[in-house]
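Student: The two chains are supplied separately, each in an independent frame; assemble them into the complex guided by the hints.
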Amino acid sequence: MTGMQLSRDELLRAYRTMRIIRVFEDRVSAEMASGDIPGNTHLYAGQEASAVGVCFHLTEDDKIASTHRGHGHCIAKGCDVDGMMAEIFGKDTGICRGKGGSMHIADLSKGMLGANGIVGGGPPLACGAALTAQVLNRDDVAVCFSGDGAINQGTTAESMNLAQIWKLPVIFAVEDNGFGEATAKSFVVAGEITKRAEALGMASAHVDGVDFFAVHDAAQEAVARARRGEGPTLLHIETPRYYGHFSGDPDNYRTPEEKSAMRRERDCLAVFRSRVTQAKLLDDADLDRVDAEVQQLIDSAVKAARAAPQPGLETLTTDVYVRYV
Amino acid sequence: MPTKSYRQALNEALHHEMGRDPRVIVLGEDIAGGAGASGQKDAWGGAFGVTKGLLGAFGPTRVRDTPISESAFVGAAAGAAATGLRPVAEIMFVDFLGVCFDQIFNQAAKFRYMFGGKAVTPFVLRATFGAGTRSASQHSQALYPIFTHIPGLKVVIPSTPYDAKGLLIQAIRDDDPVIFLENKLLYDTVGEVPDGAYVVPFGEANILREGDDVTIIAFGRMVHIAMEAAGQLAKEGISCTVIDPRTTSPLDEDTILEAAEETGRVVIVDEANPRCGMAADVSSIIAEKAFGALKAPIFKVTAPHTPVPYAPNLEAAYIPDAKRIADAARAAFTYRKS
Numbered sequence: 001m002t003g004m005q006l007s008r009d010e011l012l013r014a015y016r017t018m019r020i021i022r023v024f025e026d027r028v029s030a031e032m033a034s035g036d037i038p039g040n041t042h043l044y045a046g047q048e049a050s051a052v053g054v055c056f057h058l059t060e061d062d063k064i065a066s067t068h069r070g071h072g073h074c075i076a077k078g079c080d081v082d083g084m085m086a087e088i089f090g091k092d093t094g095i096c097r098g099k100g101g102s103m104h105i106a107d108l109s110k111g112m113l114g115a116n117g118i119v120g121g122g123p124p125l126a127c128g129a130a131l132t133a134q135v136l137n138r139d140d141v142a143v144c145f146s147g148d149g150a151i152n153q154g155t156t157a158e159s160m161n162l163a164q165i166w167k168l169p170v171i172f173a174v175e176d177n178g179f180g181e182a183t184a185k186s187f188v189v190a191g192e193i194t195k196r197a198e199a200l201g202m203a204s205a206h207v208d209g210v211d212f213f214a215v216h217d218a219a220q221e222a223v224a225r226a227r228r229g230e231g232p233t234l235l236h237i238e239t240p241r242y243y244g245h246f247s248g249d250p251d252n253y254r255t256p257e258e259k260s261a262m263r264r265e266r267d268c269l270a271v272f273r274s275r276v277t278q279a280k281l282l283d284d285a286d287l288d289r290v291d292a293e294v295q296q297l298i299d300s301a302v303k304a305a306r307a308a309p310q311p312g313l314e315t316l317t318t319d320v321y322v323r324y325v
Numbered sequence: 001m002p003t004k005s006y007r008q009a010l011n012e013a014l015h016h017e018m019g020r021d022p023r024v025i026v027l028g029e030d031i032a033g034g035a036g037a038s039g040q041k042d043a044w045g046g047a048f049g050v051t052k053g054l055l056g057a058f059g060p061t062r063v064r065d066t067p068i069s070e071s072a073f074v075g076a077a078a079g080a081a082a083t084g085l086r087p088v089a090e091i092m093f094v095d096f097l098g099v100c101f102d103q104i105f106n107q108a109a110k111f112r113y114m115f116g117g118k119a120v121t122p123f124v125l126r127a128t129f130g131a132g133t134r135s136a137s138q139h140s141q142a143l144y145p146i147f148t149h150i151p152g153l154k155v156v157i158p159s160t161p162y163d164a165k166g167l168l169i170q171a172i173r174d175d176d177p178v179i180f181l182e183n184k185l186l187y188d189t190v191g192e193v194p195d196g197a198y199v200v201p202f203g204e205a206n207i208l209r210e211g212d213d214v215t216i217i218a219f220g221r222m223v224h225i226a227m228e229a230a231g232q233l234a235k236e237g238i239s240c241t242v243i244d245p246r247t248t249s250p251l252d253e254d255t256i257l258e259a260a261e262e263t264g265r266v267v268i269v270d271e272a273n274p275r276c277g278m279a280a281d282v283s284s285i286i287a288e289k290a291f292g293a294l295k296a297p298i299f300k301v302t303a304p305h306t307p308v309p310y311a312p313n314l315e316a317a318y319i320p321d322a323k324r325i326a327d328a329a330r331a332a333f334t335y336r337k338s
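Same order as they appear, the protein sequences are chains A and B.
In terms of the UniProt record's numbering, the first sequence opens at residue 1 and continues consecutively.
In terms of the UniProt record's numbering, the second sequence opens at residue 1 and continues consecutively.
Since the hints were made in silico from the structure, they are not lab data.
Quick caveat, the model's predicted, so the values are computed rather than measured.
Among the clues, some could well be false.
[As the list claims (entries may be wrong)] Covered stretches of chain B (in silico footprint by chain A; criterion: 3 or more residues with CB under 8 Å from a CB of chain A, positions within the stretch not fixed):
no., segment
1, 60-73
2, 193-205
[Unchecked claim] Anything over 12 Å on all C-beta distances counts as not near chain B; from chain A, calculated:
no., residue
3, E10
4, V23
5, V188
6, E192
7, R254
8, R264
9, D299
From the three backbone atoms N, C-alpha and C, an ideal C-beta is built for every residue, glycine too.
Here chain B stands alone, though its shape is the one from the complex (with noise of 0.2 Å):
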């Protein structure tokens, strides 16, 4: 199977929707870039490059360039999906959120249920997430909890190449409003994915890894740091199942329980911050339905309830790394209760 980037994965997923259904449009800014200029056509192609492309295969009428207005841009593909498109818009960084989230969650998520189920809005909004980079407060957070917090939308986050192109098809095909968050750590990232269009369903969480000890449920980018993790606690004999749910809203509650109640011990790692974030979600469904198996309290690995800094001394010591998460798995696993 081909390998490739986690970027050339995405792009790939708009070029075969676009290509198959001429109601699939993209919208953004800079998606194409250079527009009214007279340098370079579809100059940066996204400010991450995703977009690449799209402008001269399908040309300005479906790949728009826009104003930097979000409200007006986000807001139009929520009226498009509900008239008859399936619009792709493009927040470049989901902290941008601030100054659009009332046409996501006000308008587009409440369509179908308040209009008595008549409307469907099959409506996607990509953004990037996630801490790293040195872009401090406005420019890193991992705002996902804030979206599945919100019945009517759906959530994504794709922690590898194959699942982004999949989750991707999945979500551009969905009939429903999807937020579908891409961590900007992980596009240079690469896997296998296959050329061919495929689907990765939603509310189906992905097994990494299995073992007999502990539980570790991770989001994003930092399934990877917990796989990392689990191959460390592996040589001090600690075996752990790692898990990705993939999709926040629907989750996939009994791939989660079952695996929690295997093991009886279980870590949640989330780059989110800590309070109502995914962490002390999925620990109160497993505190729920699983209290009977746990042989320990539930340990969460998250980012502390600050914003994220600037300094790379403090931005590191913010993002969740392999120490804590190892620390916490074995403070899970030599619990005993007394």
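Chain A with its partners taken away, still in its complex shape (with noise of 0.2 Å):
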């Protein structure tokens, strides 16, 4: 079934997802000025629909590895919105226990293995999450979420290789957004992304991450591949990042047109609800309330972030090991 082709509910599940990830970026971002989170945050939005035209297809006992630029890819395969913000607050009540941050933040009972602050850190661990899968004969597929900068570093070769030759039930999901940290694509990468998994024989695609229903439909295929045990395929997903790198980036490697006309015509969200109201498969009226509603749960989220505890100092030296003699 294509993306066109899904349910009223399933429609409005999409957009809600999409929508909680913008609102909830956008308002990290706000809350990073106030001086009250204590680290630094790499901010997904613009690029809501690769995360959620992905992790549609995947349930809770598939894994993704995730990125320092996470918090999308945690929101898109479940992860409780209320325990990041609490994280990213450094909190008691945070996903980790305000042990990770942002770019730690993971729930394994959610197949989330965790955003990743080493570029090229996640691309060996997925390959981990699929060999497991193919040795307890299980039909769990593991997703690789990483950035254009990530396909130059010798990780993501080598372990497209591997997953390749064992035909590991793996899906590389590129997302190109142009950038790396301050760094143009074209300026580090070399060839086309997609044609660095046709050297290894491993099935690809391009896809217009902008586009939910385009990011849907391939993600679909690949995830039934690997489900079907035929291997790997690798998404290349290009996407705006409507941030700078990091909260703090001034971002002045961008000119401020080009940033105005990519927010204009490069937003996910707004392609979603043109698309779904012209097909006349969901009504402005719909989309709104999801808005209305999306809004009060980041709101509640944030509040309940600040309120909460900071965590117990005896927690410094707990949980680094199962047990330590």
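Tutor: Right under this line is the structure:
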């Protein structure tokens, strides 16, 4: 079933999840300015259709590995939004009890193997999750989200080869937002990203990451291929990155005109709205209701995170090991 | 009790645990060998023959020859451990740590802490270490201090066949990431090893010899060299305690401190380089916690602050030997505070 054939409930779920990510990230950006968030954040706004379009096909048993820009992946994979916000505020009620922060949000019970502070840290881990499924003869798949920056890490090349020779059920979702930190992709990435998969005999697709339906359909095929035991796929998903690399980034390497055009012309939420309303699958009122509801959800998450206690000092030395004599 | 080699003891541990638990898999370069080739299967059984026979017993799904991609397969082992398997990865030489350290110390070691206590990563990384095989600077190092420095890792250095089997079984059953380091000059050494499965717990030092005059603490193969030195010293009337901590993380501080306090004279023997190594670490613990009992400075016998050389005479001078240990023990024994 293609994305445009989804049920009304499924479409609302996809829109709602994208909307949660957008409002979450915009709010984190605003809260950063207050000085009450202790660390740094790398915001996913603009890329929502990628995480949601891919994770739409995953169950809780499927695994994902993520990146430093991981909030969107976490939300799309079902991590608790209140717990995430509290984690970013460094609170005891955080999803990692305040020990991980923005770059290490994880919930293994949801199949979320962690955002990752290391560019290229995730591909071997996703291969490992896929290996578990293969050895235990389960039909779970693993998705490795990474950026265009990680495509130049050796771990990515090694993992793609490993996945292909072992026919691991893994999908390499390369989110190409055009920038590795402050350097344009065109300056540091040789050749086309899908060609790197082709060189290994791996299936690949180039996808417009502004179009939820395009991502949905490409990921559907990739996930089905992996579940059938036919091995990995690379998805090259082109997306905008609305904010700078990190929350304090002046983002002065892009012109103001470029940035406003990006937000105007490449907004996955606006594209989704226009597609579903023109096709009369949903109407504006349906989507507006979701917007209002999501705003409340995020307001409430921030309120709860601000009110939550800091971690107890006794937790500084706990959970380094399961057991340590 | 049957006598077996260190290599066979390790092989038995792997057989036991793979037979007991279908979640245990092994992976690494040429751990079987001959994959995809026309000749013998299980051609090598690992670069040092430790994993020989596992392929035939457990099949290629659980015994996986990998590409020469240490980051990918060590990281895959970490990811598999976090999602339900109990992988044992092998890197042939611990020196190859240089190409896969991120997956060990930024990923596997930190999952549990940075995920708020929710991850369990039962991951074993086996590797050989140590000088003495004329393999020079990139195949001979003793890098266990680097792993010992990292919270979240456990580090094991068995010195005998008995310990090798019991510690490896413990490592595989352990729910934390374990770095398991085998000195390659020990593979052909023999000792008594029970046929059945047993564990040697982590963090419990082995006291090989008890004496009144000097306490010698040694790691890995250095335990045997220290015992040789202690034998010579006994003939001179200097009686030594020899302690093998067996694991550097966790470290059995209690046994080390008790032995240091009993003699008041301490020699620490470590094949690693001296700066920030185990000799320096244990020395600082004793200096801090048993200062009042010390009758002499703590003597450290280590490799020099150099890479491992190739020429046989230079390599021999690099590795601590019984003479240097005995000299240090005599100096500790005869030292008098002025």
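Student: Confirm or reject each hint.
Tutor: Status of the hints after comparison with the structure:
1. 60-73: With 9 residues close enough to chain A, the hint holds.
2. 193-205: holds (count 4)
3. E10: holds, 27 Å
4. V23: holds, 25 Å
5. V188: Holds, because the least Cβ-Cβ distance between A/V188 and chain B comes to about 20 Å, which exceeds 12 Å.
6. E192: A/E192 is indeed farther than 12 Å from all Cβ atoms of chain B, at 23 Å.
7. R254: holds, 30 Å
8. R264: holds, 38 Å
9. D299: holds, 25 Å
In this structure, none of the earlier numbered hints is contradicted; all agree with it.
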